[in-house]
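**Student:** Below are the chains, spelled out letter by letter.
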Amino acid sequence: MPELKKNMRLLISQNIGFTAATIILVVLWLLYNFLHPRGFSSAVLIQNTNESVAIVFVAIAQTLPVLLGGLDLSVGAVMTLANCVASVLVSGTPFQIILGMMITLLTGTAFGLLNGLVVVYGRIQPIIATLATGSIAIGLALFIRPQPGGDVDGDLGWALTNDLYELVATYGWWDADAGWFAPISWFPVPLLIILVISFGIWIPFKRTITGRTVYAIGSSESAAFMSGLPIDRAKLAAFTLAGFFAACGGLYLAIQTSSGNADISQAGSYTLNSIAAVVLGGTSLLGGIGGAIGSLVGALLLRLLAFYFRILSIDPLLQPLIEGVVLLVAVSLGALRTLQTKNRLRLFR
Amino acid sequence: MSKLAPIMRLSGISKNFGATHALKDVDFSCRPGSIHAILGENGAGKSTLIKIMSGVLKPTSGNLYIDGREASLQSPTQAASKGVVCIFQELSLVPDLSVAENIFLDSPPKKWGMIDRKKQRVAAQALLARIKCEDIDPSELVKDLSLSRRQMVEIAKALGKKPKVLILDEATSALSSQDVETIYDLLEDLKCEGVSSLFISHKMQEVDRLCDTLSVFRNGQHIETFAKGERSDEEIVKLMIGRSVDAQYPDKRPLIKRETQLSISDLKWGGELQGVTLKLGKGEILGLGGLDGQGQKELLLALFGVLRGVEGKVEIDGRAMTMRSPASAKTSPTNFALVPEDRKTEGLMLEMSIADNLMIASLASISNGPFVSSTKERDAVAKGIKKLQIKVGSAKHPVSTLSGGNQQKVVIAKWLQTNPNIVLLNDPTRGIDVGTKQEIYKLIHELAEQGKSVLLYSTDYAELIGCCDRVAIMYEGKISAELEGDEVSEAAILSAALNIGDVLEDEKRETFNA
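These protein sequence lines map, in sequence, to chains P and Z. Taking our numbering, the leading residue of the first sequence gets 1, the next gets one more, and so forth. Taking our numbering, the leading residue of the second sequence gets 1001, the next gets one more, and so forth.
If you're looking for bench data, these hints aren't it; they were derived computationally from the structure. Just so it is clear, CB atoms sit at the ideal spot from N, CA and C, and this is done for glycine as well. It is possible that part of the hints are untrue.
Pairs of lysine-lysine residues, derived as BS3-like cross-links and limited to a Cα-Cα distance of at most 27 Å, are as follows [stated by the list, open to error]:
#: 1; chain 1: Z; residue 1: LYS1297; chain 2: P; residue 2: LYS342
#: 2; chain 1: P; residue 1: LYS6; chain 2: Z; residue 2: LYS1478
#: 3; chain 1: Z; residue 1: LYS1162; chain 2: Z; residue 2: LYS1118
#: 4; chain 1: Z; residue 1: LYS1132; chain 2: P; residue 2: LYS6
#: 5; chain 1: Z; residue 1: LYS1143; chain 2: P; residue 2: LYS206
#: 6; chain 1: P; residue 1: LYS342; chain 2: Z; residue 2: LYS1161
#: 7; chain 1: Z; residue 1: LYS1282; chain 2: Z; residue 2: LYS1297
#: 8; chain 1: P; residue 1: LYS342; chain 2: Z; residue 2: LYS1313
#: 9; chain 1: P; residue 1: LYS6; chain 2: Z; residue 2: LYS1143
#: 10; chain 1: P; residue 1: LYS5; chain 2: Z; residue 2: LYS1132
#: 11; chain 1: Z; residue 1: LYS1110; chain 2: P; residue 2: LYS206
#: 12; chain 1: P; residue 1: LYS6; chain 2: Z; residue 2: LYS1110
#: 13; chain 1: P; residue 1: LYS6; chain 2: Z; residue 2: LYS1118
#: 14; chain 1: Z; residue 1: LYS1257; chain 2: Z; residue 2: LYS1238
#: 15; chain 1: Z; residue 1: LYS1268; chain 2: P; residue 2: LYS342
#: 16; chain 1: Z; residue 1: LYS1257; chain 2: Z; residue 2: LYS1282
#: 17; chain 1: Z; residue 1: LYS1118; chain 2: P; residue 2: LYS5
#: 18; chain 1: P; residue 1: LYS5; chain 2: Z; residue 2: LYS1143
#: 19; chain 1: Z; residue 1: LYS1119; chain 2: P; residue 2: LYS206
#: 20; chain 1: Z; residue 1: LYS1082; chain 2: Z; residue 2: LYS1111
#: 21; chain 1: Z; residue 1: LYS1119; chain 2: P; residue 2: LYS6
#: 22; chain 1: Z; residue 1: LYS1118; chain 2: P; residue 2: LYS206
#: 23; chain 1: Z; residue 1: LYS1279; chain 2: P; residue 2: LYS342
#: 24; chain 1: Z; residue 1: LYS1191; chain 2: Z; residue 2: LYS1132
#: 25; chain 1: Z; residue 1: LYS1383; chain 2: Z; residue 2: LYS1442
#: 26; chain 1: Z; residue 1: LYS1344; chain 2: Z; residue 2: LYS1386
#: 27; chain 1: Z; residue 1: LYS1238; chain 2: Z; residue 2: LYS1024
#: 28; chain 1: Z; residue 1: LYS1119; chain 2: P; residue 2: LYS5
#: 29; chain 1: P; residue 1: LYS342; chain 2: Z; residue 2: LYS1252
#: 30; chain 1: Z; residue 1: LYS1268; chain 2: Z; residue 2: LYS1203
#: 31; chain 1: Z; residue 1: LYS1203; chain 2: Z; residue 2: LYS1191
#: 32; chain 1: P; residue 1: LYS342; chain 2: Z; residue 2: LYS1478
#: 33; chain 1: P; residue 1: LYS206; chain 2: Z; residue 2: LYS1161
#: 34; chain 1: Z; residue 1: LYS1143; chain 2: Z; residue 2: LYS1132
#: 35; chain 1: P; residue 1: LYS206; chain 2: Z; residue 2: LYS1111
Examples of chain P residues toward chain Z, derived with CB under 8 Å [as the list claims (entries may be wrong)]:
#: 36; residue: GLY172
#: 37; residue: ALA216
#: 38; residue: ARG233
#: 39; residue: PRO320
#: 40; residue: LEU321
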């Protein structure tokens, strides 16, 4: 199969940042499990993925505006807003719970659309537009939930933050002890949620004209324009989808903690971490290169670093320092290619 | 000429950019099954014409007919849907997407609402095979391809739109000779299929070989259309010139022997510079001419230390020099100054004040230790403004408030502040008014009188004739001719630029006989 091999090599060389991040993640994850007293157990995997869901979704949300060549400073805030909405609405009868979840996701999506409208029709740079709308989102979140709290349905929280066995057992869909179910019943629900939503939405989106236009805009907006691509539609779609993914993060956080919390500093740190995760996953801040799956990997990598602090009993005070160094090294590797540019005037265009 | 009805017809088309008339009342038509060359000097209106035909620009006045019906083209996409496709010079490729994605960028094959990547790949492969580019993998990213391969992708992209009118804007200039042959065959095929190809090229051999109909443009006007063979090369060159010289130039300086200040030998960089050898005398004004994109800009950039990986030798006053960066090129011992191509992005910081822009390249000369001295700055700014007679309200205003001509004066003044020995000018009078042009010519002469050596690249042949002591013409990355004294004529420059040697001889003979 020389053809297949050649294609694989091409695919890897075109996604070198993503490939490197994935390899590092796998290596670090294996090492982590060897070092962990209960390594390679379902329980550890469940705990780790539970703590990663929110940042994974926020990082995927951030990916879309970054691919356009911009930044979305409101993703953390939209996540917080969705979190607070969910803490009020996701309880009661099963019908009410489902309706509440849908309203939560709709809130974030609508906020993303608002971001898109401001950027496209207001002709405002994404970074400043989302700085403002992010503040509005936090304001709304504080209005909905001035104090932390809420009563998100407990069964739901239990079912979605454990393995598949507990999910089935909680709702009694079928006999959780059935023989055929045993091989997969250990699988963590949070990991399943991450994989289904991110792959299920991202891969089809990337293969639409709108999705491709997002890449084209980030790579060369003038060429996209000259080729007659739907530029406005792609920008609106990118921000709307970013709002949706951020809301997914907020909803899960509410279910996981059974509560909502309009925490301003938490929103800010989620936004900043999302940018770090996007870059670690191989997406270029100049736009046009990368993807949501890379950000997923980047976010997991960022979380995994934090888990190391626990098992190695390193002073948690050192965590920001080490994360900063890791990010700096990763970004420097990406900048190496500028050394190859022969006409230095091109570096500035 | 074919008797078929024209596919596309332009009637009374004019296009103005502000006060400039890029096209004046142009009637033009192209017929199916023909290869039609459009000839003209730089700035004759060729690119404006094709931009209007392909929907990039809208005409100021006049009508456009496709297949006999009036059409108004709002965008390149709309033009393509009506069968008018233009091959831009790698303008429409997205670097970070794959070849196949680029070829079907706005209309990919689909399956269940999503892009069918397999089908897209196969279709791209078929199109690439048609132009004998089987070596290009459709999955490769466009940015990883060489310039000539990108151009072939651009051609495949145009073919994918099934054109009835195919416009090639110097599409062969970046190609290898083998690819050029492929394109010739392709155009012949398309001709048999009834496609009308419009071919813009500066290579007369290419036009001779390929085209059946020729149209000459000059000063935004359509001068004449004729079948191949009706006119000789000399006649065509004459049709292309014949322009009134509207700018006043300072008196010609006597031709004297000068000691060499700058000597360049066998300078090479990428595909753009193929071994440039040139000497510039002390106090001389050397014009650099030729068609656009023959390596003139790269030569200036190479001397100014912008390009990496330049091979060859550069000597100043007999000493070998290397320019590592603009910062090193502008200082002793090289003392270069470069007035760059695009004053808005490379020449000025538009939001900053006139004073800041004037001094930005020579801050060390007005500083006391690490601090910029405000008194020295004020004096230097006042002197610079006075010397170039820049019309300013206050030097504190942003430089963007000035007119184009005065902005250009600021760029020149900024470089004179560094007290350079060799001044490189990249088309310094482009897009500025006649009055300011004259002042700039006068200034160039003054600089030369002070013993500074000037290398002036200009796209305006009249300027090269009127302003320079000597003119070097570049063609495909090399100096193709050096003209001095009475040799410098528009006909001589143009034929050297088109790389047709004998016209010059004929012209000489003619003037001799007359």
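**Student:** Hint by hint, note whether the structure agrees.
**Tutor:** Hint check results:
no. : hint                  : in the structure
1   : Z:LYS1297 / P:LYS342  : holds (15 Å)
2   : P:LYS6 / Z:LYS1478    : violated (39 Å)
3   : Z:LYS1162 / Z:LYS1118 : holds (21 Å)
4   : Z:LYS1132 / P:LYS6    : holds (21 Å)
5   : Z:LYS1143 / P:LYS206  : holds (20 Å)
6   : P:LYS342 / Z:LYS1161  : violated (34 Å)
7   : Z:LYS1282 / Z:LYS1297 : holds (22 Å)
8   : P:LYS342 / Z:LYS1313  : holds (18 Å)
9   : P:LYS6 / Z:LYS1143    : holds (18 Å)
10  : P:LYS5 / Z:LYS1132    : holds (24 Å)
11  : Z:LYS1110 / P:LYS206  : holds (13 Å)
12  : P:LYS6 / Z:LYS1110    : holds (26 Å)
13  : P:LYS6 / Z:LYS1118    : holds (16 Å)
14  : Z:LYS1257 / Z:LYS1238 : violated (33 Å)
15  : Z:LYS1268 / P:LYS342  : holds (13 Å)
16  : Z:LYS1257 / Z:LYS1282 : holds (10 Å)
17  : Z:LYS1118 / P:LYS5    : holds (17 Å)
18  : P:LYS5 / Z:LYS1143    : holds (22 Å)
19  : Z:LYS1119 / P:LYS206  : holds (16 Å)
20  : Z:LYS1082 / Z:LYS1111 : holds (25 Å)
21  : Z:LYS1119 / P:LYS6    : holds (19 Å)
22  : Z:LYS1118 / P:LYS206  : holds (15 Å)
23  : Z:LYS1279 / P:LYS342  : holds (25 Å)
24  : Z:LYS1191 / Z:LYS1132 : holds (18 Å)
25  : Z:LYS1383 / Z:LYS1442 : holds (18 Å)
26  : Z:LYS1344 / Z:LYS1386 : holds (22 Å)
27  : Z:LYS1238 / Z:LYS1024 : holds (20 Å)
28  : Z:LYS1119 / P:LYS5    : holds (20 Å)
29  : P:LYS342 / Z:LYS1252  : violated (39 Å)
30  : Z:LYS1268 / Z:LYS1203 : holds (23 Å)
31  : Z:LYS1203 / Z:LYS1191 : holds (20 Å)
32  : P:LYS342 / Z:LYS1478  : holds (20 Å)
33  : P:LYS206 / Z:LYS1161  : holds (23 Å)
34  : Z:LYS1143 / Z:LYS1132 : holds (20 Å)
35  : P:LYS206 / Z:LYS1111  : holds (14 Å)
36  : GLY172                : violated (35 Å)
37  : ALA216                : holds (4 Å)
38  : ARG233                : violated (12 Å)
39  : PRO320                : violated (33 Å)
40  : LEU321                : violated (33 Å)
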